[in-house]
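2 protein chains.
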Amino acid sequence: MQRGGARGTARDIPSATVGRLITYLRVLNGLEARGVERVSSDLLADEAHVSAFQVRKDLAYFGTFGTRGTGYTVSSLKGELKRILGLTRPWRVAIVGMGRLGQALADYPGLSEYDFDLVAAFDVDERKVGQRHGGVVVRHMGELGAAVAELGLEIVLLTVPVGAAQAAVDAVVAAGVRGILNFAPTVVSVPEGVKVEPVDFLAALKRVSYFLHEGALVEDRG
Amino acid sequence: MQRGGARGTARDIPSATVGRLITYLRVLNGLEARGVERVSSDLLADEAHVSAFQVRKDLAYFGTFGTRGTGYTVSSLKGELKRILGLTRPWRVAIVGMGRLGQALADYPGLSEYDFDLVAAFDVDERKVGQRHGGVVVRHMGELGAAVAELGLEIVLLTVPVGAAQAAVDAVVAAGVRGILNFAPTVVSVPEGVKVEPVDFLAALKRVSYFLHEGALVEDRG
Chain A
1 MQRGGARGTA
11 RDIPSATVGR
21 LITYLRVLNG
31 LEARGVERVS
41 SDLLADEAHV
51 SAFQVRKDLA
61 YFGTFGTRGT
71 GYTVSSLKGE
81 LKRILGLTRP
91 WRVAIVGMGR
101 LGQALADYPG
111 LSEYDFDLVA
121 AFDVDERKVG
131 QRHGGVVVRH
141 MGELGAAVAE
151 LGLEIVLLTV
161 PVGAAQAAVD
171 AVVAAGVRGI
181 LNFAPTVVSV
191 PEGVKVEPVD
201 FLAALKRVSY
211 FLHEGALVED
221 RG
Chain B
1 MQRGGARGTA
11 RDIPSATVGR
21 LITYLRVLNG
31 LEARGVERVS
41 SDLLADEAHV
51 SAFQVRKDLA
61 YFGTFGTRGT
71 GYTVSSLKGE
81 LKRILGLTRP
91 WRVAIVGMGR
101 LGQALADYPG
111 LSEYDFDLVA
121 AFDVDERKVG
131 QRHGGVVVRH
141 MGELGAAVAE
151 LGLEIVLLTV
161 PVGAAQAAVD
171 AVVAAGVRGI
181 LNFAPTVVSV
191 PEGVKVEPVD
201 FLAALKRVSY
211 FLHEGALVED
221 RG
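Protein chains in written order, with this note's numbering: chain A, 1 to 222; chain B, 1 to 222.
Bear in mind the hints are in silico, worked out from the structure with no lab data behind them. Quick caveat, the model's predicted, so the values are computed rather than measured. The beta-carbon is built from N, C-alpha and C at its ideal position, and this holds for glycine as well. There may be inaccurate statements among the hints.
What the hints assert, rightly or not - List of simulated lysine to any residue pairs, SDA-like, C-alpha gap at most 25 Å:
1) LYS195/A / GLY30/B
2) LYS57/B / ALA203/A
3) LYS195/A / GLU47/B
4) LYS195/A / LYS82/B
5) LYS82/B / GLY19/A
Claimed, not checked - Covered stretches of chain B, going by a simulated chain A footprint (3 or more residues, C-beta under 8 Å):
6) 45 to 55
7) 74 to 88
8) 131 to 138
9) 164 to 171
10) 183 to 193
11) 207 to 213
Bound-form chain A, shown alone (with noise of 0.2 Å):
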């Protein structure tokens, strides 16, 4: 089966310029909601906060050229950005922690605008197995191997309590999900093949008061 181009295919990107692609991905549907049709270099490099250099280095990586003077479509650039980063079809997603930030996650429209179909939930609890959010019924986790199989799972975003994420995380993995999004503050473990990326608000949250409090002491010495 065929997909991807002959040039830069997906295997051959660097995770930063994987990162900067979802950034301009990310910047051409705002320009798309606010009606704009082209873009250049320039442009794009503001707005995602790079070089229009970088801009340029990474879209010729792809074969990708914008005109000189009129830059890029900007429909056709997030085509093709979106067949470079596999998202061209919906991903099948479940949430694993039914609290308020898996309610609130439910209930997102972001996920199914940007083509992750929420199609399960799960939680221990039995009070809120049962219950509809997003449009799908929370069901207890020692239904997911079941329901991996049968819903073809591929992400599972966790949000459970931190004293629960690592036996959650071996649970998914065993059920034979292979990537899986991290709410829960703190590091977890798992083999070869498998994926997680952490969403540490209070990681991120630490970064902005260091920031505040080096320029405290900046201000202190001054």
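Please build the complex by placing chain B on the supplied structure of chain A, with the hints as guidance.
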């Protein structure tokens, strides 16, 4: 006023190091919760997913040395990291945007556990103004400037829709807040001297799906 020690004071720390120190702190919190009193650089490295050499190098930089064979005392290393990171006093935070995510954050116990005190919440929707979440009463965005002065707000958690993000950021900055944690999946601009950290779970989700996509491409060729 003297904050921080003579060695390795805050202004000298590269941001990658700050990120690792935050991870070490998270690991130490986990160890402490499990009743562990001492930690070797090997164990700390293992749990933080970095090399033991990196751990020793990072900590020696601050004049913090473990004892060969017995390692570091968890509580004192934790205290030292908190001092370096400016986490020795609570930071005064507010939530701007009291939709589902804002409400979930207001009720999240991790904020106060990690010394971020929620002191206010704001929304533009009159129906939300006056509601109580996480111990604070929602105020109208028009009161932001007055509230910053009154409450000494330092950091805003921004949980508004994409289309409202830049205008909300501008209002937050105009009110005198210099630290923003941006949960809206869009890039926002701020003047120099203001720190924005994105918490973009959709971007993280795309990194996960890209990993799976990339793996599928490799398997197709194999």
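Given hint GLY30/B paired with LYS195/A - CA-CA distance at most 25 Å: 22 Å, holds
For the pair supplied as a hint, LYS82/B and GLY19/A, confirm whether the alpha-carbon distance does not exceed 25 Å. Violated: LYS82/B and GLY19/A sit about 30 Å apart, past 25 Å.
Within a Cα-Cα threshold of 25 Å, do LYS195/A and LYS82/B meet the stated pairing? Roughly 30 Å between the alpha carbons, so the hint for LYS195/A and LYS82/B is violated.
Would the pair LYS195/A and GLU47/B pass a check requiring their Cα atoms to be no farther apart than 25 Å? 17 Å, holds
Using C-beta distances, would you say chain A covers the region 183 to 193 of chain B, given that this needs three or more residues below 8 Å? holds (count 5)
Coverage of the region 74 to 88 of chain B by chain A, judged on three or more residues with CB within 8 Å: Satisfied; 3 residues make the cut.
Per the coverage rule (Cβ-Cβ under 8 Å, at least three residues), is the region 131 to 138 of chain B covered by chain A? violated (count 0)
With a cut-off of 8 Å between beta carbons, are at least three residues of the region 164 to 171 of chain B near chain A? violated (count 0)
Check whether three or more residues of the region 45 to 55 of chain B sit with their beta carbon closer than 8 Å to a beta carbon of chain A. holds (count 3)
Assess, step by step, whether the Cα of LYS57/B is no farther than 25 Å from the Cα of ALA203/A, and give holds or violated. Answer holds: LYS57/B to ALA203/A is near 21 Å, not above 25 Å.
Has the region 207 to 213 of chain B got at least three residues whose CB is nearer than 8 Å to a CB belonging to chain A? With 7 residues closer than 8 Å to chain A, the region 207 to 213 of chain B meets the three-residue bar; holds.
Checked against the numbered hints given earlier, this structure breaks hints 4, 5, 8 and 9; the rest are met.
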